[in-house]
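A.B. asks: So the protein sequences, as listed, match chains A and B.
To convert, note that position 269 of the first sequence is 277 in the working numbering; the numbers rise steadily by one, no gaps.
To convert, note that position 459 of the second sequence is 467 in the working numbering; the numbers rise steadily by one, no gaps.
In case anyone wonders, no lab produced these hints; they're calculated from the structure.
Remember, it's a predicted structure, so these values are computed and weren't measured experimentally.
Any given hint might turn out to be false.
For identical chains, the list gives no copy identity; a pair is met inside one copy or between any two copies.
As the list claims (entries may be wrong) - In silico DSS-like cross-links for lysine-lysine, where the CA-CA straight-line distance does not exceed 30 Å: (1) Lys99 - Lys238; (2) Lys509 - Lys152; (3) Lys22 - Lys509; (4) Lys190 - Lys180; (5) Lys471 - Lys190; (6) Lys509 - Lys471; (7) Lys529 - Lys449; (8) Lys529 - Lys122; (9) Lys152 - Lys180; (10) Lys190 - Lys152.
The residues making up each chain are set out below.
Number of protein chains: 2
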Amino acid sequence: MKWENLTLLDSYKKLQEAAVVDVKAVMAGENGAKRVKEYCVPMSNGMVYNFASKQVDDDILAILQEFADEAELTEKYAALYNGEVINTGEKRLVLHQLCRGQLGDDVIADGMNKREFYVSQQKRAAEFANKVHAGEITNEAGEKFTTVCQIGIGGGDLGPRALYLALEGWAKVNNTLKMEAKFISNVDPDDATAVLAQLDIAHTIFVMVSKSGTTLETLTNGAFVENAIKKAGLDPAKHMIAVTSATSPLANNPMYLDAFYMDDYIGGRYSSSSMVGGAILSLAFGPEVFAAILDGAAAEDAKAKEKDIRKNPAMLDALIGVYERNVLGYGMTAVLPYSQAMSRFPAHLQQLDMESNGKSVNRFGEPIDYVTGPVIFGEPGTNGQHSFYQLLHQGTDVIPLQFIGFKNNQMDNDVLIEDTTSQQKLSANVAAQIVAFACGKDDDNKNKYFAGGRPSSIIVADKLTPETLGAILAHFENKVMFQGFAWNINSFDQEGVQLGKILAKAVLAQNTDGALTEYSKLLSIF
Amino acid sequence: MKWENLTLLDSYKKLQEAAVVDVKAVMAGENGAKRVKEYCVPMSNGMVYNFASKQVDDDILAILQEFADEAELTEKYAALYNGEVINTGEKRLVLHQLCRGQLGDDVIADGMNKREFYVSQQKRAAEFANKVHAGEITNEAGEKFTTVCQIGIGGGDLGPRALYLALEGWAKVNNTLKMEAKFISNVDPDDATAVLAQLDIAHTIFVMVSKSGTTLETLTNGAFVENAIKKAGLDPAKHMIAVTSATSPLANNPMYLDAFYMDDYIGGRYSSSSMVGGAILSLAFGPEVFAAILDGAAAEDAKAKEKDIRKNPAMLDALIGVYERNVLGYGMTAVLPYSQAMSRFPAHLQQLDMESNGKSVNRFGEPIDYVTGPVIFGEPGTNGQHSFYQLLHQGTDVIPLQFIGFKNNQMDNDVLIEDTTSQQKLSANVAAQIVAFACGKDDDNKNKYFAGGRPSSIIVADKLTPETLGAILAHFENKVMFQGFAWNINSFDQEGVQLGKILAKAVLAQNTDGALTEYSKLLSIF
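With the hints as extra help, turn the sequences into a complete structure.
C.D. replies: And the structure:
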């Protein structure tokens, strides 16, 4: 297997030389209708990835297939799930998919079968959650816990929070909301204060999430919460559990009621499938719902093994993104889920994508001479339509769009106004936007003119359920992974976050000089 | 006064030819410390705008001053607040600043003094809110209302929501949280369903916000809420008020308990200072708090009249942004408030900036040949540090950063851990980040190497209060306005949102063809 820089690939040179597709032209009339029918890849769980409005045609797709083959993308994926050291910077395996299913060989590391280890933790968390729900694990007064509050930041916060919010309404109408979930993340003391004010501490389990057990914000907020529990006259050790690695200071620690383990082979931003998501989601929704999320993801992981890009939605999505970024020169991607429940999913993808692929060196630590990960941003539709879509439609930059749509809403409540339901209005809007972006509109008044030619794709699911949510999560994880392979970078470390940490410590130790001293004064730290 | 395209200005040509500043070099050592002290502009309300880490020096600043003079930026601002037709596309005045204070001449339009009109509405909303708080206006059972829920989208949602969240914690500790506020925005029926489930309808006042009275999402959600009120056996007309223009179908309508008015001279994204923000914020926090927000904004509006860019933080910020966008070629800006209370402020700025300046024609409707508004995104620090900062530090694109920091937190609750408070840790982090981005770090291991040279600025306030929040709001509104003047575009219309609306209606009427039919089928609308 060869790990080569993007610019060394013959297929990349072909991509650069290939005729650029005019989206407006190809999406007009009957040909556009034909593309929508044909440029549609089945995903797992009854979903589809439709890329009709992307800037590709059969010629570009043929080169993207060559690229996938030449860059050995599926072979690299296989190496990853079979346990090679894919995270070269930190010399670690990359095993988050193994939480969801067995994709290849048994992976033996640290003297154990890793799949068995992850499953054993899932079982322990399930048993713990079931006991909490059954009132077998209670607070000191023997009363049931009603709320679970996660204390974590970055991967310990964004993914689990996005998943919780995505299913909270669904769980309510399906009578499987066992406990309400809250989240404390920011070291800003007002975050913990505000969240604690919304809680009944006496009936809350707090989940401390830090793989290393050394994350400044999380330890600080943990201590903040401990103080609050003590002030309420309660014993923190009866209200807190930990999610951490087996070697961290949080592990096997009598300060916690219990602890659930992950390991160094699961990066924070990929950790929603591990105990980082598993503990809180099992408590909030019941272990069966968390298991269904994993099943949905596993099915999508299996799709990602396909060599044919027309059968592998994550790989196709990844390659179109590389083409847009490196050949067409687009620097951003907007993620636009037409579902209010997915309100924080773009924030999760922002971390997933930008922390993974915002790199300037290849996997061997050598500087590269091409652009890598784009900026990711987004808000739910239709809200975004009344906000930043103006720039997407008529701004001076082209920004590729990633829509996500659902045929049905989650909660069994809708209203018929002017002969259509709200869900029909929502779906009509996403369909209309894709066509508006692609086809534009001529107008003699140039202020009302839409150039069109603005590329987008859409993932369509029947409904946002645990399974489809898991599949969407896995789709983007795998897309980011394939793009990292294409760029020949390490998508699994994050050295770019270290310098700030070091300098912040220097400020707190007042061991600073130059600009750092003056900025610290400005912020009244000295 | 001349309205000329950017590229015709002599000072712009000078900017293009000026030596580019190396942030890493100028921010090193004692010179960096000196810049932090000197490149600091006083704002109103005891705040400062510090631009030491921006890619400017005295030479660039001198040209930016020439630019401000040549483009007649303060003259154009004066024309705006004195009531000229600045919104050329819609042939409207632009008067949002007039809600906050009298900056120039009396503005007479539609047969009235507009400042008096806005103030009269503020007084009416204040009286209404006071009566609700005093229990003089009650529900049908004679009980006090406890909750206020806004139904609006875009400008009717993002700004008011961001402001409410920014002050909710502050209001709690200052005993001025009169009513809890909630928001329904998305046409997704799950949004209204989920929010209504969190409410006690019998004790809630709903605020319908639509200037035209024709916004699809808001009318639909209004009907949704009406149904819910009726289902609860209550009279909607006793639970709903309207914020709208005097000529809309919502005005003088017996369906509403009362109505508060704005007009066509206040664009949605600039409407937080009007009744769009005023009704809900007066109800939530009391009229005095809303008045304090306006006072804070008015003080900052006054600063924006200064001709000297070193005394006009909004204009300086705007011009540095234009320099970064058009000369240095940076396409995005990240907004990074170090305050959890400002969690939705970046989403508001995203609308404010991208909807205002995402344009490809000048104010006369002529195509332009230079780039305009950047993409805006952001999340609160320290959360962002554990998410997308990796790309900001080590990605292949330079992304200018707009930090916002506070010396003190809002809620009187903090914890001392390892000799520092959480607030000190928060402040240490923002100081450290600015220096890390500017100065970088050499390392033989290129994976741990930080190139530095990544420009940022910071707004520092003592505390996030109604006054400083109002000032920050006005700062960004005025920055966006000055950039629109610099680009010679109309920052006050939004024609780019129209096409999607038309096509969505076509879908709902099943009056479609080509790709629109097929996308509609894919989303099961047909």
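A.B. asks: Please go over all the hints and tell whether each is borne out by the structure.
C.D. replies: The hints, checked one at a time:
1. Lys99 - Lys238: neither (41 Å within a copy, 62 Å between copies)
2. Lys509 - Lys152: neither (39 Å within a copy, 49 Å between copies)
3. Lys22 - Lys509: Intra 43 Å, inter 40 Å, cutoff 30 Å: neither.
4. Lys190 - Lys180: both (16 Å within a copy, 19 Å between copies)
5. Lys471 - Lys190: both (24 Å within a copy, 26 Å between copies)
6. Lys509 - Lys471: between (41 Å within a copy, 24 Å between copies)
7. Lys529 - Lys449: Result: close only across copies, 22 Å inter versus 54 Å intra.
8. Lys529 - Lys122: neither (49 Å within a copy, 44 Å between copies)
9. Lys152 - Lys180: both (19 Å within a copy, 29 Å between copies)
10. Lys190 - Lys152: Answer is both: 17 Å inside a copy and 29 Å across each meet the 30 Å cutoff.
Hint compliance for this structure: hints 1, 2, 3, 8 are not met, and every other hint is.
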